[in-house]
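Chemist: Now for the letters of each chain:
There are 2 protein chains.
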Amino acid sequence: MQLLKNKIMEEGKVLPGNVLKVDSFLNHQIDPALMQAIGDEFAEKFGQAGLTKILTLESSGIAPSVMAGLNLGIPVVFARKRKSLTQNSDLYSASVYSYTKQESNEISVSKAHICENDTLLIIDDFLANGQAVLGLLDIAEQSGASIAGVGIVIEKGFQPGGDMLREKGLRVESLAIISSLDNNQVAFKEAAVR
Amino acid sequence: MQLLKNKIMEEGKVLPGNVLKVDSFLNHQIDPALMQAIGDEFAEKFGQAGLTKILTLESSGIAPSVMAGLNLGIPVVFARKRKSLTQNSDLYSASVYSYTKQESNEISVSKAHICENDTLLIIDDFLANGQAVLGLLDIAEQSGASIAGVGIVIEKGFQPGGDMLREKGLRVESLAIISSLDNNQVAFKEAAVR
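So the protein lines, in turn, are chains A and B.
If you're matching positions, the first sequence starts at 641 in our numbering and goes up one per residue.
If you're matching positions, the second sequence starts at 641 in our numbering and goes up one per residue.
Do not rely on the hints blindly, as some may be mistaken.
Calculated pairs, BS3-like style, for lysine-lysine (alpha carbon to alpha carbon, straight line, at most 27 Å) [stated by the list, open to error]:
no., chain 1, residue 1, chain 2, residue 2
1, B, Lys721, A, Lys653
2, A, Lys645, A, Lys661
3, B, Lys829, B, Lys645
4, A, Lys751, A, Lys808
5, B, Lys653, A, Lys721
6, A, Lys721, B, Lys661
7, B, Lys721, A, Lys751
8, B, Lys751, A, Lys721
9, B, Lys721, A, Lys741
10, A, Lys661, B, Lys751
11, B, Lys721, A, Lys721
12, A, Lys751, B, Lys653
13, B, Lys751, A, Lys741
14, A, Lys721, B, Lys829
15, A, Lys645, B, Lys741
16, B, Lys741, A, Lys751
17, A, Lys653, B, Lys751
18, B, Lys808, B, Lys751
19, B, Lys685, A, Lys751
20, B, Lys645, B, Lys685
21, B, Lys647, A, Lys741
22, A, Lys647, B, Lys808
23, A, Lys653, A, Lys808
24, A, Lys751, B, Lys645
25, B, Lys647, A, Lys661
26, A, Lys808, A, Lys647
27, B, Lys645, B, Lys661
28, B, Lys808, A, Lys751
To spell it out: a stretch of chain B is covered by chain A in this simulated footprint if at least three of its residues, at any positions, have a beta carbon under 8 Å from a beta carbon of chain A; those stretches are [said to hold, decoys possible]:
no., region
29, 672-679
30, 707-713
31, 746-755
32, 782-788
Treat the hints as calculated values from the structure; they're not laboratory data.
Computed from a predicted model, the values in this text were never measured in an experiment.
Built from N, CA and C at the ideal position, the CB exists for glycine as well.
Could you build all of it, start to finish, from the sequences and the hints given here?
Modeler: Here's what the structure looks like:
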């Protein structure tokens, strides 16, 4: 997705440890028009998949997911990173290890919001080691829902998550795939087609 | 906003402790079309205020804020509830006490994303005791930005936050104001005009 790649080239910052900081339009400040373009792109790629809901993870997955859901006319469910007191114990949950934060979080979704009749598109902002998507897949499988695929805004193609998910037979559509962040330079590879 | 009130009447659940659970369309599952209507309503109310950015709080403030930002053509900045390792120390921060979760959280915004030239609309999903909005105001004031007002999706009018903010001279626009949750019934009052 050229619009997204341009934005990454203009505003992304490469930090030590292969971190790409896109806080100016995705992870802290959000560019709503770009999110709409991203949501429309996901809707175009997965619009024929019979989706009933989008499943994502708070917080940075919410904006692109809501825009995709708006286009497709379906609800978005975001997994929470810990339980709140206003939620009952009827939860699907999974553990997700974050290499960035060096900690495990429990993520959970109320059983009220996904079920075996659902066909889910999983959306997340970044795909690196794939731990967050694995957690969302775990929750989706617990619910018995079908999984149409995974939509990723930015994939770090030099980390193992994308290959790992595709080797499971999942359809993974990443709107920008980064092949390298070496020498503080962002290099892209073309989106995988399958 | 009648569409929102109807949704609250149809799907809101009153829990013990004056909790209104709207997990089916706002706080866990999100109704994108309703979020767009809410965003459009905020844009209509504050569209003449010279806004440059929307300031909100993760996670449930993000969806209505992004829709308002889309309508107005301005970015959204969401305050984070704790620091991540990918963020530097150049932060505005404030402490927010949550009566629901019975704990204090630090919320923070990167100094890169709001400044004295900004005119901010603060948006949040709920207004009860007003602690979250006070934290966002604190951050806005640290940045030197102007504050055009506060847009709230659901105000609990029987709790003190709304009056407290209005008494500060702030323009507070709540799209649904609940006057009572007694006897597990949702009762609304008309939106305050000022």
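Chemist: Each hint needs a verdict: does it hold in this structure or not?
Modeler: Hints versus structure:
no. : hint                   : verdict
1   : Lys721/B with Lys653/A : holds (22 Å)
2   : Lys645/A with Lys661/A : holds (14 Å)
3   : Lys829/B with Lys645/B : holds (11 Å)
4   : Lys751/A with Lys808/A : holds (25 Å)
5   : Lys653/B with Lys721/A : holds (22 Å)
6   : Lys721/A with Lys661/B : holds (18 Å)
7   : Lys721/B with Lys751/A : holds (25 Å)
8   : Lys751/B with Lys721/A : holds (25 Å)
9   : Lys721/B with Lys741/A : holds (14 Å)
10  : Lys661/A with Lys751/B : holds (15 Å)
11  : Lys721/B with Lys721/A : holds (12 Å)
12  : Lys751/A with Lys653/B : holds (16 Å)
13  : Lys751/B with Lys741/A : holds (21 Å)
14  : Lys721/A with Lys829/B : violated (34 Å)
15  : Lys645/A with Lys741/B : violated (40 Å)
16  : Lys741/B with Lys751/A : holds (21 Å)
17  : Lys653/A with Lys751/B : holds (16 Å)
18  : Lys808/B with Lys751/B : holds (25 Å)
19  : Lys685/B with Lys751/A : violated (37 Å)
20  : Lys645/B with Lys685/B : holds (18 Å)
21  : Lys647/B with Lys741/A : violated (37 Å)
22  : Lys647/A with Lys808/B : violated (40 Å)
23  : Lys653/A with Lys808/A : violated (32 Å)
24  : Lys751/A with Lys645/B : holds (25 Å)
25  : Lys647/B with Lys661/A : violated (38 Å)
26  : Lys808/A with Lys647/A : violated (31 Å)
27  : Lys645/B with Lys661/B : holds (14 Å)
28  : Lys808/B with Lys751/A : violated (42 Å)
29  : 672-679                : holds (count 4)
30  : 707-713                : holds (count 4)
31  : 746-755                : holds (count 4)
32  : 782-788                : violated (count 0)
Going down the numbered hints, you'll see the structure goes against 14, 15, 19, 21, 22, 23, 25, 26, 28, 32, while the others check out.
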